[in-house]
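Visitor: So you can see what is in the structure, the chains are spelled out below.
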Amino acid sequence: MRVAAAIDVAAPPQLVWDFVTDPARYLHFMSGITRWEVTSEQDRGVGARYRTLMRVGSAEVGGLVEIVECDALRDLAWTSVTGIDQRGRWRLRERADGARTRVELRLQYGVGGSGIVGWIAEQVAAPAVRENLRRSLQELRRQAEHEQARAAAATRRAAALR
Amino acid sequence: METETASRPSRIGHHANGGDPFTAPPPGRARRRDDELEAEDRGSAPGPLERVAGVIARGVRRRVPAADLDERDPDFIRESLPGQWLLASLWFRGEVRGLGNVPEEGPVLLVGNHSGGNVSPDSLVFTLAFSTYFGVERRFHQLVHNLVLSMPGLGFLRKYGAVAASPENAARALDAGAAVLVYPGGDHEVHRPTWEANTVNFAGRRGFVRLALEHDVPIVPVVAIGGQETALFLGRGERLARLLMLDKLFRLKVLPLSIAVPWGLNVGDVLGHIPLPAKITVEVLPAVHLREQFGPSPNVDEVYEHITETMQETLDALASERRLPIVG
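Sequence order for the protein chains is R and U. For the record, in the first sequence the residue sitting at position 148 is 148 according to my numbering, with numbers rising by one throughout. For the record, in the second sequence the residue sitting at position 180 is 1180 according to my numbering, with numbers rising by one throughout.
What the hints contain is simulated information worked out from the structure, not anything from laboratory work. Hints should not be assumed to be uniformly reliable.
Claimed, not checked - Lysine to aspartate or glutamate pairs mimicking DMTMM-like chemistry, simulated, CA-CA at most 25 Å apart:
no., chain 1, residue 1, chain 2, residue 2
1, U, K1159, R, D85
2, U, K1248, U, D1216
3, U, K1159, R, E60
4, U, K1159, U, E1104
5, U, K1159, U, E1196
6, U, K1159, U, E1079
7, U, K1159, R, E66
8, U, K1159, U, E1292
9, U, K1159, U, D1068
To be verified - Some chain U residues judged to face chain R by a derived CB distance under 7 Å, without partners named:
no., residue
10, E1079
11, G1083
12, G1094
13, A1129
14, Y1133
15, N1201
16, A1203
Glycine included, each C-beta is placed from N, C-alpha and C at the ideal position.
Start from the sequences, fold in the hints, and give me the full structure.
Guide: Set out below in structure tokens:
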């Protein structure tokens, strides 16, 4: 099952990228995520591993994931090592005006070998997972734009003092 | 069903020490043949009814599989997670809190209260949550009644890690570094009447404390509510079992009575029932490290009282959250 959500953030890609590559921030903006814990020596970049859990229905599902693609300011993708099968991707694209970023979050999940029951479970879980992604993006936008506004205000104050 | 007797051990749920399946029988006695012990207990030649009962009992005994921890199959568990998740989420609206209290690794004894008759939904909801939280790779075994494992069609439970409840099997699982789920109240607690739903009742069975002490593993209490609302449980039927001489014929001390789907009046719950969709809430409490908390030689009774009181307080708190039966 593949679910995706997208949103426009009024901040440059660098600022959004700082959010999505920092594992310490995930619990603060990702809806439904109950664990995003670094389990490897490196905490970001290709090869970094995280133990992740998302509450869906009566269980917290997830497992160990590994970053498999890290194209700075554009794409960050992970795939599962243990737990349910999953692939996730952050896709950042700068808007033409240079001040906004299109952010897309994709998640593909399932349990191989679980047959028709697994397919039904994926369909049943999809609305909750999609809602989690949508809320996560909204919270990411809120936090990123707040930080962008704070940075802009600091710049203005510094300019006024000069 | 309660099948224990206090006088003789065997492989089908007959345990010494007050029916506590987690307390080892006296040395030597467990190795004696069952028919020797039966003859000793009877003290006279068996009648026809007792002969028939003996044949049936031996048949059941033969069906109890030897515990083999390797029968646990992580791939099977993983592939069945979606089905469990559907049932736990849609039918029971399961909610499990505090799994972070379970130590991340190493052996641990999970001690739960048990509800729901022979179809116990709290086990389903908790084992699903444990498997998804820690991953199917983590060794996890459940101690279940011998009669459950010997029932035709339930052999698949062994793939989930279920082993017959006995001190030997528990020890073997803990030595292998597994998390072991045990319900000390067992059949006594699981068939309690609905009006005692919010009572933790281990029937004084303290074997789990001794087990944790012997293996120096922490105890993690697991408190569940809602299971006793999946049918109207009328009682254990101990008097009825005596009246029908089931205790003499089959050593069945209880014949639980309930009103359950689809049977209506359900006597024995041998074939199970369709549980009502009661909301199941499970709360996992902080680990109790016995020697850290109770000193180098903890008193078993003191630990037992502490564990059961803590669980009862939690169950009371969970009960106060519920507005309506079944709805939760």
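Visitor: Work down the list of hints and note, for each, if the structure agrees.
Guide: Taking the hints in turn, this is what the structure says about them:
1. A threshold of 25 Å between alpha carbons decides the hint, and for K1159 of chain U with D85 of chain R the separation of about 21 Å falls inside it, so the pair holds.
2. About 39 Å separates the Cα atoms of K1248 of chain U and D1216 of chain U, which puts this hinted pair outside 25 Å; it is violated.
3. Only pairs whose Cα atoms come within 25 Å are accepted, and K1159 of chain U paired with E60 of chain R is accepted, the gap being roughly 22 Å.
4. In summary, the hint linking K1159 of chain U to E1104 of chain U is supported, as the alpha carbons are separated by about 23 Å, within the 25 Å threshold.
5. Between K1159 of chain U and E1196 of chain U the alpha-carbon distance is near 33 Å, which puts this suggested pair outside the 25 Å criterion.
6. The straight-line distance between the Cα atoms of K1159 of chain U and E1079 of chain U is roughly 12 Å, inside the 25 Å bound, and the hint therefore holds.
7. Pair hint K1159 of chain U plus E66 of chain R does not hold up; C-alpha atoms about 29 Å apart against a cutoff of 25 Å.
8. As the CA atoms of K1159 of chain U and E1292 of chain U are separated by approximately 35 Å, the hinted pair breaks the 25 Å bound.
9. Only pairs whose Cα atoms come within 25 Å are accepted, and K1159 of chain U paired with D1068 of chain U is accepted, the gap being roughly 10 Å.
10. Here the hint on E1079 of chain U is kept, as its CB sits about 4 Å from the closest CB of chain R, short of 7 Å.
11. Nearest Cβ of chain R to the Cβ of G1083 of chain U: about 4 Å, under the 7 Å cut. The hint holds.
12. Given the 7 Å rule on beta carbons, the hint for G1094 of chain U holds: about 3 Å separates it from the nearest Cβ of chain R.
13. At its closest, the beta carbon of A1129 of chain U sits 5 Å from a beta carbon of chain R; the interface hint therefore holds under the 7 Å criterion.
14. For Y1133 of chain U, the shortest C-beta to C-beta distance to chain R is roughly 5 Å, which falls under 7 Å, so the interface hint holds.
15. At a threshold of 7 Å, the smallest CB-CB gap from N1201 of chain U to chain R is about 26 Å, leaving the interface hint violated.
16. Annotation: interface hint on A1203 of chain U violated; nearest CB of chain R at approximately 29 Å, more than 7 Å.
Comparing the model with each earlier hint shows violations of hints 2, 5, 7, 8, 15 and 16; every other hint is respected.
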